[in-house]
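Protein chains: 2
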Amino acid sequence: MKINSHLYAVILAGGSGTRFWPLSRELYPKQLLRILGDQTLIQQTLRRTLSCVPTSRTFVVTNRSQVDMVTMQLGGWERGIQENIVVEPEGRNTAPAIAMAAIKLVVQDPAAVMLVLPADHVIKGTRKFTEAVKLGTKFAGDGHLVTLGIRPTAPETGYGYIKPNMRQQLEGQGTLKGYRVRRFIEKPDVPKARTMLRSGGYLWNSGIFLWKASSILDELALYQPRLLRVIRKVWRLQNNDAGLSDNVIKIYGQLPSMPIDTAVMEQTSKAVVVPVDFVWSDIGSWSALGDVASKTKAGNVVNGNIVDLGSENSVLFGNHRLVATIGLKDMVIVDTPDATLVCPKSRAQDVKGVVDILKKRNAREQLEHQSVFRPWGSYTTLDAGDGYKVKRLTVRPGAKLSLQRHRKRREHWVVVRGKAKVTCGDQRLELTIGQSLDIPKAINHRIENPWPETLEIIEVQHGPYLGEDDIVRLQDMYGREIRS
Amino acid sequence: MKINSHLYAVILAGGSGTRFWPLSRELYPKQLLRILGDQTLIQQTLRRTLSCVPTSRTFVVTNRSQVDMVTMQLGGWERGIQENIVVEPEGRNTAPAIAMAAIKLVVQDPAAVMLVLPADHVIKGTRKFTEAVKLGTKFAGDGHLVTLGIRPTAPETGYGYIKPNMRQQLEGQGTLKGYRVRRFIEKPDVPKARTMLRSGGYLWNSGIFLWKASSILDELALYQPRLLRVIRKVWRLQNNDAGLSDNVIKIYGQLPSMPIDTAVMEQTSKAVVVPVDFVWSDIGSWSALGDVASKTKAGNVVNGNIVDLGSENSVLFGNHRLVATIGLKDMVIVDTPDATLVCPKSRAQDVKGVVDILKKRNAREQLEHQSVFRPWGSYTTLDAGDGYKVKRLTVRPGAKLSLQRHRKRREHWVVVRGKAKVTCGDQRLELTIGQSLDIPKAINHRIENPWPETLEIIEVQHGPYLGEDDIVRLQDMYGREIRS
Chain G
24 MKINSHLYAV
34 ILAGGSGTRF
44 WPLSRELYPK
54 QLLRILGDQT
64 LIQQTLRRTL
74 SCVPTSRTFV
84 VTNRSQVDMV
94 TMQLGGWERG
104 IQENIVVEPE
114 GRNTAPAIAM
124 AAIKLVVQDP
134 AAVMLVLPAD
144 HVIKGTRKFT
154 EAVKLGTKFA
164 GDGHLVTLGI
174 RPTAPETGYG
184 YIKPNMRQQL
194 EGQGTLKGYR
204 VRRFIEKPDV
214 PKARTMLRSG
224 GYLWNSGIFL
234 WKASSILDEL
244 ALYQPRLLRV
254 IRKVWRLQNN
264 DAGLSDNVIK
274 IYGQLPSMPI
284 DTAVMEQTSK
294 AVVVPVDFVW
304 SDIGSWSALG
314 DVASKTKAGN
324 VVNGNIVDLG
334 SENSVLFGNH
344 RLVATIGLKD
354 MVIVDTPDAT
364 LVCPKSRAQD
374 VKGVVDILKK
384 RNAREQLEHQ
394 SVFRPWGSYT
404 TLDAGDGYKV
414 KRLTVRPGAK
424 LSLQRHRKRR
434 EHWVVVRGKA
444 KVTCGDQRLE
454 LTIGQSLDIP
464 KAINHRIENP
474 WPETLEIIEV
484 QHGPYLGEDD
494 IVRLQDMYGR
504 EIRS
Chain S
24 MKINSHLYAV
34 ILAGGSGTRF
44 WPLSRELYPK
54 QLLRILGDQT
64 LIQQTLRRTL
74 SCVPTSRTFV
84 VTNRSQVDMV
94 TMQLGGWERG
104 IQENIVVEPE
114 GRNTAPAIAM
124 AAIKLVVQDP
134 AAVMLVLPAD
144 HVIKGTRKFT
154 EAVKLGTKFA
164 GDGHLVTLGI
174 RPTAPETGYG
184 YIKPNMRQQL
194 EGQGTLKGYR
204 VRRFIEKPDV
214 PKARTMLRSG
224 GYLWNSGIFL
234 WKASSILDEL
244 ALYQPRLLRV
254 IRKVWRLQNN
264 DAGLSDNVIK
274 IYGQLPSMPI
284 DTAVMEQTSK
294 AVVVPVDFVW
304 SDIGSWSALG
314 DVASKTKAGN
324 VVNGNIVDLG
334 SENSVLFGNH
344 RLVATIGLKD
354 MVIVDTPDAT
364 LVCPKSRAQD
374 VKGVVDILKK
384 RNAREQLEHQ
394 SVFRPWGSYT
404 TLDAGDGYKV
414 KRLTVRPGAK
424 LSLQRHRKRR
434 EHWVVVRGKA
444 KVTCGDQRLE
454 LTIGQSLDIP
464 KAINHRIENP
474 WPETLEIIEV
484 QHGPYLGEDD
494 IVRLQDMYGR
504 EIRS
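Protein chains in written order, with the working numbering: chain G, 24 to 507; chain S, 24 to 507.
Careful: at least some of the hints might be erroneous.
Derived pair list, reagent style BS3-like, types lysine-lysine, alpha-carbon separation capped at 27 angstroms [what the hints assert, rightly or not]: (1) S:Lys320 to G:Lys383; (2) S:Lys383 to G:Lys318; (3) S:Lys368 to G:Lys368; (4) G:Lys442 to S:Lys464; (5) S:Lys352 to G:Lys368; (6) S:Lys368 to G:Lys352; (7) G:Lys442 to G:Lys412.
Quick caveat, the hints were computed from the structure, so don't treat them as lab data.
Keep in mind it's a predicted model, so treat the numbers as computed, not measured.
Use the sequences and the hints to build the structure in full.
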């Protein structure tokens with residue numbers, strides 16, 4: 024029951040992977056990263072909402088390209104959160120995602136109150152967060168559209184600001200109060216940000232909202248009738264077809280990308296802000312990480328295999344590979360197995376420019392990591408040459424790859440850890456460490472790991488074409504597309 | 024015949040891999056690097072000496088850990104320079120190496136003149152170099168100990184300086200002259216370097232020498248009698264035992280590390296300097312590379328897969344991996360498959376400190392690269408996990424690995440390029456692309472590539488111990504140590 028039996032959490036997990044490149048990639052955005060603590064940002068977000076709402080009332084909105092990873096990180100296949108994951112055909116910013124979730128909730132519970140929050144923010148102070156949600160839930164129940172406002176600590180130009188109407192205070196709880204919103208201010212320039220910071224009368228717009236599902240649908244009907252019509256249509260089609268039909272994908276693709284702030288909040292008369300005092304950051308760039316992560320005496324954020332001589336105030340973010348740094352000041356170094364970023368903190372926002380260049384070049388390093396996650400585990404490309412590719416497949420206990428075949432390549436497997444249950448044509452066999460098997464072209468095959476130890480296989484592929492799309496799936500336990 | 028039929032080139036190829044880390048490693052020092060142009064520094068040095076001296080009169084002094092690589096880079100196994108490679112048990116700076124070469128030469132040709140030069144310098148202007156060597160050879164023939172002096176262009180603190188006695192000029196050729204040396208000045212501090220630069224009366228000590236083998240032996244007998252005695256003893260032992268016996272290694276290990284400059288040149292009365300005007304650098308650090316390499320308009324030295332936005336005057340040295348740089352100024356970035364260095368140019372000398380730390384940690388990244396060269400080709404470690412390792416072996420046309428076996432590991436081979444001739448116990452077989460073979464523990468095996476195409480094999484090793492030293496060599500075509 025927790026705060027209120029009509030309260031539902033809606034985690035928006037559709038972010039793109041631009042600003043934290045090369046640790047984030049298009050198919051592996053910020054919310055999936057473990058950049059602060061042991062859990063990824065979306066895992067931390069889920070943990071946070073679970074202090075307010077049980078799993079059964081927690082929904083996650085994400086898009087097709089991220090659904091596998093999001094499900095996996097939230098423990099989906101084991102813990103059954105899978106039914107609560109709402110899949111958009113593709114990301115269209117927050118307004119369509121929120122509309123879709125609101126429709127789903129209002130059908131389920133006409134009195135539903137939604138706690139909407141991005142999956143990739145950092146918040147420190149779960150108790151304070153819970154209290155703010157509690158008060159916000161009360162206001163939301165009264166028909167207000169509530170946003171949580173953060174007291175500014177710096178003249179940030181990356182955030183929107185909110186001016187509360189201090190004369191229109193709502194009844195609060197303890198030191199927490201609510202105010203009607205006088206107006207929303209879009210991301211300012213530095214002088215304007217400084218003025219607002221100095222005046223003390225402004226708050227950062229956290230992007231964390233509370234409202235009744237019916238309230239936000241009313242406001243969407245008022246201010247974005249076309250958007251709402253399209254989303255209702257998508258909802259009906261999805262319920263009929265039980266999935267993302269080509270029609271749904273087409274309709275969705277024509278929607279404008281629209282944040283809920285401009286779609287509704289800046290126009291509605293029902294906006295209320297609750298100024299909160301937990302530590303919050305949307306960590307919008309590598310340099311922002313320095314504001315929330317723990318630091319060495321010299322002011323460095325250090326992660327991974329770094330050998331440093333006398334650097335200061337820098338973000339030194341590596342992993343297994345060795346990175347040596349000497350005498351850096353206010354720099355950002357991010358190292359991943361296949362790409363490294365080096366820039367001054369002051370230019371960290373410009374990583375977007377690098378990502379744009381890579382995108383134009385169709386560079387794989389923009390799209391995905393050297394290790395790619397799948398519902399059954401992951402694969403890592405170890406080597407690729409003319410006509411061959413070497414991968415390490417890591418198969419989780421209990422997992423099963425799809426029954427598949429390839430048109431253009433043959434494969435050779437060597438088990439290096441655990442034990443594999445293998446289908447190859449009509450054969451069914453078990454391979455233990457050191458044993459190997461040839462998979463000829465066009466033969467149906469499958470790897471399973473029904474045992475409790477992780478299975479690792481070195482796969483050597485041969486053929487004139489070795490792309491990931493040369494795969495004919497015949498059966499899949501994760502509901503992935505079947506082509507035959 | 025070229026300049027003089029008694030002229031011999033002695034290339035000193037014993038440098039350590041500290042200052043160009045991570046591109047250089049302890050077992051892969053600067054002279055082996057391709058940092059300027061298509062050839063490595065030692066290859067460029069050989070090409071330069073070949074303009075003065077034929078191959079048959081070119082000797083290379085190196086040490087045990089580098090002899091395979093040096094031989095390979097100089098085309099040894101094909102072109103027969105192998106007999107001209109003089110192997111020290113380990114590097115002991117230039118004096119012992121020069122003494123060893125001088126003894127060898129004086130035995131062969133009592134009138135031998137030695138052109139001594141380090142393998143890892145950059146010189147631009149082969150014609151001017153040849154002219155200087157010609158004049159130096161003449162002076163050397165007259166009994167002088169000749170050094171080539173470089174006109175300073177900056178207040179360098181990394182070089183030794185020479186003050187020529189302008190009143191004791193030797194007969195020259197054209198604009199080239201020789202002068203008796205008034206004195207040698209050790210590496211100065213900045214003010215002293217500035218003063219010498221301004222005065223115009225000083226030269227940089229290039230470390231390139233010409234003298235009769237008998238002259239340098241006479242001077243060594245005079246100033247370093249103990250050193251010479253030890254080297255003569257080593258020489259006799261090596262000739263008797265035909266190689267590096269444990270005794271030789273022990274004796275050599277007790278020698279002090281001594282440069283010829285302090286051992287002889289600073290003490291002798293026979294020193295002569297020839298001021299030359301070719302472009303010269305010992306490229307003593309990554310920042311020095313900027314002085315000799317070609318640069319972009321923005322002043323960057325760029326190599327490899329770099330995506331840059333607006334950096335200036337920086338060394339951006341990568342290879343296959345993607346490195347993205349934004350807005351750097353006067354920085355050095357060096358990227359290799361397993362280690363990356365980032366530092367300001369002004370701190371490039373401090374890479375030595377990083378190497379020291381790595382050495383203390385026994386970090387593999389200090390010692391060798393992820394790809395390791397062998398006489399038959401190279402291997403690259405692609406992956407390593409608990410109880411297994413994956414390598415790619417690249418076998419040159421005509422090459423043959425040793426006949427060997429392992430005590431602790433079994434291996435599994437998959438051919439991915441070319442064709443392999445394989446011995447495994449009593450079997451002899453050929454493997455083509457996609458074919459695989461298990462090599463059980465303790466079974467003698469060998470890979471050969473008698474064909475003109477390069478052979479590539481993916482090797483998956485299994486076992487409780489996978490170190491390189493678990494190898495029993497039974498036959499080897501490259502004369503490497505046989506253990507049985």
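Structure-based check of all given hints:
Only pairs whose Cα atoms come within 27 angstroms are accepted, and Lys320 (chain S) paired with Lys383 (chain G) is accepted, the gap being roughly 24 angstroms. For the hint linking Lys383 (chain S) to Lys318 (chain G), the alpha-carbon distance of about 26 angstroms falls within 27 angstroms, and the restraint holds. Of the supplied pair hints, the one linking Lys368 (chain S) and Lys368 (chain G) holds, its CA atoms being roughly 19 angstroms apart against a limit of 27 angstroms. Our distance criterion of 27 angstroms between C-alpha atoms is met by Lys442 (chain G) and Lys464 (chain S), whose separation comes to about 21 angstroms.
Restraint check for Lys352 (chain S) and Lys368 (chain G): the C-alpha separation of about 13 angstroms stays at or below 27 angstroms, so the hint holds. Using a Cα cut-off of 27 angstroms, the hinted pair Lys368 (chain S) and Lys352 (chain G) holds, with the two alpha carbons roughly 13 angstroms apart. Between Lys442 (chain G) and Lys412 (chain G) the alpha-carbon distance is near 22 angstroms, which keeps this suggested pair within the 27 angstroms criterion.
Of the numbered hints stated above, none is contradicted by the structure.
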